[in-house]
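Participant: Those protein sequences? They're chains A, B and C, same order as listed.
Position 251 (the first sequence) corresponds to 231 in my numbering; numbering is contiguous.
Position in the second sequence (from 1) plus 1 gives the number in my numbering.
Position in the third sequence (from 1) plus 1 gives the number in my numbering.
Simulated from the structure, these hints should not be mistaken for lab results.
From the three backbone atoms N, C-alpha and C, an ideal C-beta is built for every residue, glycine too.
Just so you know, not all the hints are guaranteed correct.
Listed below are several chain A residues computed to face chain B (Cβ distance under 7 Å; list not exhaustive) [as the list claims (entries may be wrong)]: (1) 110; (2) 113; (3) 129; (4) 140; (5) 143; (6) 161.
Spelled out, the chains give:
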Amino acid sequence: MLLILLGVPLIAAIVLAFVGDRRYAAEINILGSVANFAAGLALALEVYYHGPMLAGRQFFFVDAFNVYLAVLTSFVSMTTAVFSRRYMRREREHGRIGAIRMRFYHAMFQVFIFAMLLCLLTNNVGILWIAMELATLSTVLLVSLYRTPTAIEAAWKYFILCGVGIAQALFGTVLLYFAAEKVLGEGGDALLWTNLSRVSGQLEPTVLSLAFVFLMVGYGTKVGLVPLHNWLPDAHSEGPTPISAVLSGLLLNVALYALVRCKVLVDGSTGTHHAGNIMMGFGLLSILVAAFSLLRQKDIKRMFSYSSIEHMGIATFAFGLGGPIATFGGLLHMLVHSLAKSSIFFTVGHASQMHRTQDMDKIRGLFRGNPLVGWGMMLGVMAIVGMPPFGIFTSEFLILTATIKDAPLLTPFLLLGLAVAFAALFKRVQPMVSGEVPPNQKPMTVANLPVLLHMALVLFLGVYMPDFLNQWFHTAVELLK
Amino acid sequence: MHLNIAAQINSFLAALILLTAFGMLVQRRMYGLIHLFAWQGLFLSISTAVVGFVAGKQHLYISSVLTLSLKVILLPYILHVLTQRLKIQREVETIVNVPLTMLIGIALVIFSYHLMAPVRELSTLVTRSTLAVGLATVLIGLLMMITRRHAVTQIIGFLAMENGLFFAATSATYGMPLVVELGVALDILIAAFIFGIFFFHIHTTFDSLDVDQMARLKEGD
Amino acid sequence: MSIYPYMIEIAQILILLAVAPAFAGWVKVLKCWSQGRGSAGLFQPYRDIRKLFSKDVVLAENASWIFRFTPYLVFGTAVLAGGIIPVLSVDLPLAATADVIVLVALFAIARFFTALAGLDIGTAFGGMGSSREMTIASLAEPAMLMAIFTMSLASKSTSLSHMAQVVISGQSVLRPSISFALLAFILIALAETGRIPVDNPATHLELTMIHEAMILEYSGRHLALIEWASMMKLFLFVMLGIAAFFPWGIAASGDLLAVPAAFFFMLLKLVFAGIGLVLIETGLAKMRLFRLTEFLGSAFLLATLGMLSYFILE
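Work out the full structure, taking the sequences as your base and the hints as a guide.
Facilitator: If you want it as structure tokens, here you go:
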């Protein structure tokens, strides 16, 4: 099952590298992603019934924490593939992209999915790093796909800043291996997360704290935590919208997953709350900086990228806080944010295509022009700012509750960030969706299904937590103690 | 006592690696930078082979050969070809003047020595004293990326960081497991191809590789 | 109280006086040979000095006592410095009191007075040379001291004889700190002795002169003494480098029989030093003046790196 999950994107990538510019390329993309999702669901069911599993001679490890992220990844990539079909076709018609680049785009899309899944499912901390780097590298050239000066600049910044960050993470991994070697002996076994978590109490605390600092800087750059976030608004706004959707929705989650895995090890070793405090600090800083930056944005995708930074800050804060409520909230947050943000990006993509610009001042009258896009955006924003009955309200509420209980002095800051983001997003989106249809808006057929599906799920999760999800999260919370 | 000689050789190579790092920091000429980077890779691969000999680990020989082929031959060759093909200007400007950069470099060396002191206490390996040099090389590579305005030098700084990391890995733990090292080498290779492609894009779009040109995406725009 | 150390001391000074011009001649011969010119012979500097001694001294009207006194002072300090550096043997009576810092101070005194003499007459070129020389000195001296500290870390003393002894007794071959210090020392030596790439000793263009500009007004026996002293300074710097970094061949303490062998080794090392110096001089071009800060900054950097690597790696 695992092999299918990992093998499908690879095969799809190879196929698409050759036929990616034909008319049915997008369909192949969708097909691959659907197969992927099916495999992911099957794997999830297996883990749900039989508990965590090791596979491939301890090379892969699937437990509740990463299997739900894996299912999420394959799901969102599937819906994004559906969205991408309409969107890229339109881009092709507008002439923004040529034949070879389409092939490249499709092939790299699948490679990216493969890298993310490898990152989630591997047991080896070293391979985790390699997969993360691979995920970054596969998207770098996608960000610069349009070859405009700003796109190239964004991609360059992304490459350099994430490269530097990832190098720090490698140093942290080396230190981790150094500490592990003393206890577990040499060789690949010392890097297996299952072994490490088993002996985490025996790992040297000084080395692990030092390693965590480097890992925090490294993987934190990928999560987009302030002050290492400079690449994020540019990279997420300059690439094609399907890429923005998967970058915002999925890659940030995967990086946070890596960070949390390392935090568990460090907590087991040092026994103090240092790692958690560092994460809380960075998370809170990200929330505040991102919220205030939202007010100044003119480009629509940039604005929503800052929103991603803010929400990742909330999730990091939650995982840093620790404890069952906050962790549950964090897990739920990762899930619903991913769904809501990618849905927003779908609508944003269509809106910008309709107006041929990403400037928010020029986008108007979406309710009248294309009700699906307009309402999709409105509901998406309502979801993302945390209005009930959407799922994000639930997760933010849980996190706030935990904060009031464990770190009451930080609650006002958290509330401030959330409130400012609320106001800023509404202020910006309101004029975009209401009003008359402007002359430069072109009508078009949009991909309906992804947006509807995502918003329905977010709404559903806000109202009712299905049993298996509940179970999953509880198991994950246990693992992350 | 060949353990002692090997330790001395390793320390000497560490010093040379640090020297090449500083050399790259102050070097202005593009070809000089590329050659220094190649030398650094050479010292790195010799050091890996020496450690492999002392520790009796076969996989370090493989790493050494990998480093040699990748960082001494392939990457400098790619950079050389790119420099010629894109007719990159020979001299690079620095943001901070050279003596100040050198002083900051020295400060970074002291800082990394201080930072690595607890790890050094715990290590039982022959190579433990060179861990600080590894971190120093990483930080100097970072400094190089910050203080230069040219895309190629930023990439060389990045690759120098990777060198430092590799050296730190070899000195702290006699090298990471082979599968990890292979993966890292693969990533570097892919990164090399990507930045090669990048240079062409940047050059065609901006007509120069000066990173200052790429400053359009600012806040509030 | 053995008189052998004193004999060795006197022998060293005599060798200094006698061999220094020959070394300068050797460097010139090699340079000419490498540039494809015919040279004036190995012993030309002797002839030059003899010629200058037989000439009249021409003094400017407003020359003060500093101008007349400086050549003797410079010559004297060079001879005195020769008494400190172990050339033949580490057994020097002055070694106990005079160490490397004293050496640096001696050269500093000489340089100070030369600079004053350059300013003394009031010509434009003299002043220019003095200011340039002082710029170089202000950058080179810290670097030199740092390099010396690095060397003294290994031998735990700043006395040159002791340093040489420690390295001869063969404690370690490849010490990173000493290698860095060696590189730094080479750069500093090039600056102090006024060779390319810092200053061109054979230049006749006043605007490019540094050392020559200061002594432009000298003539007769004054000029002879100063020329001889600068040849001795080059010789001394080479011997300093050899004593600190390559002291094998220098007779150990009390070993009188090894002294002639030491003399032979000294000549051999001088030959190679000359070759090395000429390679550097023909291979590099004279640097522009404002680049000198970087050059000497690199020397300082290397010396500091040497010191750091002593603590980090050893």
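Participant: It remains to establish, for every hint, whether it holds in the given structure.
Facilitator: Now for the hints, and whether the structure bears them out:
no. : hint : in the structure
1   : 110  : holds (4 Å)
2   : 113  : holds (5 Å)
3   : 129  : holds (5 Å)
4   : 140  : holds (6 Å)
5   : 143  : holds (5 Å)
6   : 161  : holds (5 Å)
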